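Colleague: What follows is the residue order along each chain.
2 protein chains.
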Amino acid sequence: MRLLKTICLLLMPVLLQAQHPLTFFTRTEAAAVKKDINRYPLLTRSYNEIKSEVDLWLGKDVDVPFPKDPAGGYTHDKHKSNYMLMFNSGVLYNITGDSKYALLVKQMFLKYAVLNPTLKNHPQATSSSPGRIFWQALNDANWLVYAGMAYDLIYNSLTAAERKTIEDGAFKPEVDFITKDLEPWFNLIHNHAVWACAGVGIVGIATNNKEYVDMALYGSKKDGKTGFIALMDGLFAPDGYYAEGPYYVRYAILPYYLFASSLNNARPQLKIFEHRNRILQKALMAGLQQTNLDGTFFALNDALKEKDYTTNELVTAISVATNVYGKDNGLLFVAKKQDRVLLNKGGVTIAAEIASGKNLPAYYPYHSVEYTDGAKGNEGGASFLRNGTGKDLTTLISKYTSHGLSHGHYDKLNYNLYDKGNEILTDYGAVRFIGVEQKYGGRYLPETKGYAQQTIAHNTLVVDEKSHYDGKESVAENFHAEKLFSSITNPSVQVVAAKEENAYQGVKMQRAVYLLQIPGGKKLMVDVFNANSKGDHQYDLPFHFDGTLINTSFKYDSFTDKLEPLGKKNGYQYLWKEAEGTVKDTVAQLTFLNDRTYYTISSLVQDKASLFLARKGANDPNFNLRHEPAFIIRKKGENQSFVSVLEIHGKFDPINEFSSNAYPSVQQMKLIQNDDQFSIVEITIAGKKLLIAQNNNDFNNKSIHTAGGVSWTGPFATWYDGKKIN
Amino acid sequence: MRLLKTICLLLMPVLLQAQHPLTFFTRTEAAAVKKDINRYPLLTRSYNEIKSEVDLWLGKDVDVPFPKDPAGGYTHDKHKSNYMLMFNSGVLYNITGDSKYALLVKQMFLKYAVLNPTLKNHPQATSSSPGRIFWQALNDANWLVYAGMAYDLIYNSLTAAERKTIEDGAFKPEVDFITKDLEPWFNLIHNHAVWACAGVGIVGIATNNKEYVDMALYGSKKDGKTGFIALMDGLFAPDGYYAEGPYYVRYAILPYYLFASSLNNARPQLKIFEHRNRILQKALMAGLQQTNLDGTFFALNDALKEKDYTTNELVTAISVATNVYGKDNGLLFVAKKQDRVLLNKGGVTIAAEIASGKNLPAYYPYHSVEYTDGAKGNEGGASFLRNGTGKDLTTLISKYTSHGLSHGHYDKLNYNLYDKGNEILTDYGAVRFIGVEQKYGGRYLPETKGYAQQTIAHNTLVVDEKSHYDGKESVAENFHAEKLFSSITNPSVQVVAAKEENAYQGVKMQRAVYLLQIPGGKKLMVDVFNANSKGDHQYDLPFHFDGTLINTSFKYDSFTDKLEPLGKKNGYQYLWKEAEGTVKDTVAQLTFLNDRTYYTISSLVQDKASLFLARKGANDPNFNLRHEPAFIIRKKGENQSFVSVLEIHGKFDPINEFSSNAYPSVQQMKLIQNDDQFSIVEITIAGKKLLIAQNNNDFNNKSIHTAGGVSWTGPFATWYDGKKIN
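Protein chains in written order, with this note's numbering: chain A, 1 to 726; chain B, 1 to 726.
Calculated directly from the structure, the hints in this document are not laboratory data.
Far from chain B by the CB rule (all over 12 Å, computed), these chain A residues:
hint, residue
1, G224
2, K336
3, V583
4, F699
Heads up, incomplete: computed chain B residues facing chain A, CB under 10 Å, no partners named:
hint, residue
5, E306
6, D620
7, S660
Below, simulated DSS-like cross-link-like pairs (lysine-lysine); rule was C-alpha separation at most 27 Å, straight line:
hint, chain 1, residue 1, chain 2, residue 2
8, B, K305, B, K78
9, A, K60, B, K651
10, A, K337, B, K337
11, B, K472, B, K635
Only a predicted model underlies this, so the values are computations on that prediction, with no experimental measurement involved. Every residue, glycine too, gets a C-beta built ideally from N, C-alpha and C.
Build the full structure now, drawing on both the sequences and the hints.
Modeller: The structure is reproduced here in structure tokens:
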């Protein structure tokens, strides 16, 4: 019996070989990739890139240093490159069959098996979820995802003794730390937990540890209230919008896809990719719709503007998605920009399609689209109104979501405008220099909370110089804005209206934004913002524009020899007050130049308003802020309305020294009616009248209305030069 | 007899047909172009572009409005597009033979023949050289160049009576105005006069008017002291450097080449393209060497940074140059970027070469090059030190020219650094929004003289907060800096040293700048700037950097809640003082990030220095300035030296969240010796020593020197890690 047991143990590696790898790909899949590796240039290139990186380390003693530095520092970057090296070497082992690749991974794992049991919390840890190998647990979870796959990939090459050493030494301390010491964090509904669950789950599959996989799927208590399935159910709206916004779906999509792909092999009965009507497919497609022409993710919530869809996370998701959901022309377009594929079946499919040259669109297939927010889709949402094709695309984003967890901004009813690939009305994003050690270890800088998250940093209304919900996340998390009506089917007349009644006590805010292309081709955005209150307030509506100020219709005093901040708190202290003016009963206009196009903001002033020109950069001793301009309209009173037009016009050609249509066409604006029932706006554009009538309390598509001399059906109507255009 | 005369007059058009066209091309050349028009895609495209623009106007009544608006306004832009339309239509007439094109031109000319005799000075004219059709005479000269060619191109289609009407009505008032009313301006040695002479000369050829041609060639007095030949002799140095710098040679090159090309047909005996050892060829090649990787002209003197070599002026020069001087791979590279050729023989050659796909380099063939300044080449000059290939090109510009006429800046011994296509140490250029009517009619804005031309706007020494020559052009024009020694043959060790002793009374300035690539590949610039005086002075050395401040080695107080200007005059009033620090006996370091690369300025402080962080934008009520940062080192005393290193290092990868080598390698700096004879600098870089020894009074290549423990031959020597590297 004892002998049999020994024989069994000795045979184990052979017997178990059929079960590994299971995470990144299977043995069959690896063989299929190998067959095509020299067939399609993109696949060959991706393979050679990985191979040349890994080959540099063959036969060398790779450093596994004792953790010391924050992000951007040596030990941080070393451990980060180590897990990628282990993973890539594991992939190469399976494709080439060459044991030197397995050996490299094993030697590194044996070092981690020595190191990991000795680790306490990282010396640079500052957050409530400290890491051990890294300064934050999130990075340790990253390590588990890739190290887990690497281990699975070389599993067959190891002896039982080696496996035990690695599983007990390298993995167990990390998994225990994350699932026990950091249990509350592991059980969050948050992008960190997606990584944590994926890490623990992939290690579970790699080490044949059912307990790990179950905890990963259903939470440390295995009750399903937390864990991967709950994260698939809780962080996405039914249509795929991610609670934290586009920048973070970019980050979370990788563990979602990699763990799902592993589960697809290890627990096929889960049908994980079909879960919730293919929520992972919807998530990817929604993420890509939330990018600019240049592939950068829209800067909603905390976001770095450099991040685009060529990141490793999207390369991974697109290769896996192509494998499980099939070919998609939009994904192929992105994959071509990425110029890199995973060495899996999806990667082969993409490389083959790109080599054939067929089906490749010239631009990503952007279209107007609206997403709900919240797991049930009942917590507001965001609309992306689009007009134009190719390079001439205009995108108007209207955001009326819930807060968006810890990276959310106080930006209810905010909008942003992109045109021709440029950001025109901007969101600051986050204040952070990722990976730059000198800048606070690459972490979020204090100006993120202090400025970028505050309401004044957005293109939405600030009441009494305070942020929405008084800038309190715990309060903000309880509320969301609400869509009133929208229409996105006619590209020439698109609209979305939403309301927010909780951000400021006693103030009801309602905003409708229109993206119009009027007969003749001119594009404009019209913004009807009403704030109603029984008490007196100060209302500030900022326009954060990107461009050079060309002209204003109003006079201002500019603070040319002394600058002071615009205010003292809630983000105002970060704005220099550069100029100030007062206007009465007029249309205040400001023209700016962005790249080669002119843009003019025209805003109706009934009675009186103060106008400010401001610039970011005050109270910024470490020079963390970009010195970008803003135009702010201030009104005081009980109820106030802000009716504004942003007109896209003309062309600046510095090469040939021509400027055309540098002046705005908007000549007059009138608020013909504005009450609980209706807002009726008349805008005179180059002598012709644009009339917009909208309902403020009846949003039924079939209701018939008569007001201001016009009749219409449904929540809004638009006329140009006397003809109805919607 | 009378009958014979009448017959002769009637026959005249026929008899004269052989003599026209002569300006843009000849009848034979037109036939050759026609033959190939559908043969080479670039030629076909260029032809179709012109044709589709002109065809829009066929059969229409083109407006020739009474002049009213400045640049950017309707009448300005209309007259500008009119002369191009007449010219293009004239070209099409000769290529297609279709009389409708001639008719369009004739009808427009007949309107100008009515308009021009009625014109007085333009209502918007402000300069000493007012225009009539346009707000400045320069634009009227542009009109003459193109209208002259247009007339020549349709000459054969006109009756004698029509010719008389046009020559007397459209041309004579303009030529008289320019050569008589504006005689001093016409006779200038300045880019305006190049246009004026070309205009009058081309009209002369087109109208068979020898008097006009002679005035154009030899000045209104026909004594050769002014006029086109004198302008070829006077505005270029013998090696082709243009007195006003690269931005303006870009502008002047067109009338030079078009008039020369006309003369080549009309007065071949002049051999104009061979004049002064092919000075026009040298001028073009020198202009192109003074561009950045992206084709924009280096922003020396008054310059707009958007201007690149795809402008119409360069398209014209390159097509003509290819015709007269033959094919050149560099010119072909630029022509491909321009994606447009003239419809002349040179254009055919270029289109044929590009169609063949051979000989096209991947980058413009930039190389290290030095130019002298002044007609005799004895008024200083400028050096362009280059290292690296392709996208990794680094260019260090050292400017020690004469003043550069009215668009010159007070920038003696200034340098600028470009790297990887980006401007790293910047020149502001000019403050101007060309073609933007709202910005002062597109003219130079007051901030050009007030800030951009002042010394503080440059990377060179400012003594006592005054500009060079006290900011007086009349004084500056009498002096120039002088090169002491240089070496550009070894790409790893390049240097240029120059002195300036007249910019500040009683202060002698000498600066040597080195562009080094040390063993291992690191690139750095070393700057040794000595100022010697018998009296006490305040010395400010600014570094205008383009990038985000990442870190400083020194402490500073930052003016976070109140900003005031750095000074009161000479450009200082346009700089906000953002921070100030004081250091002693140290190496002051400042690291910034530009695009994806880190740059660190390290500057030796012996004894004491004040350090300032400043930003453009103060005293700028119309928001004309870009808000760019500067780092300023201030020292006080009699003699002062500034030894600085700019190190190019590391990589910032926000997509993959890696930063490498974000910290500088320069650790220590020592000035081992610094006197009348020698400057010996020791720089410790990552533990190894870089030693630079230079002579300050003996620049003989054969002199042997011993100082500071080392011996060398010639004006300088460099050692790294104990080994000589130059």
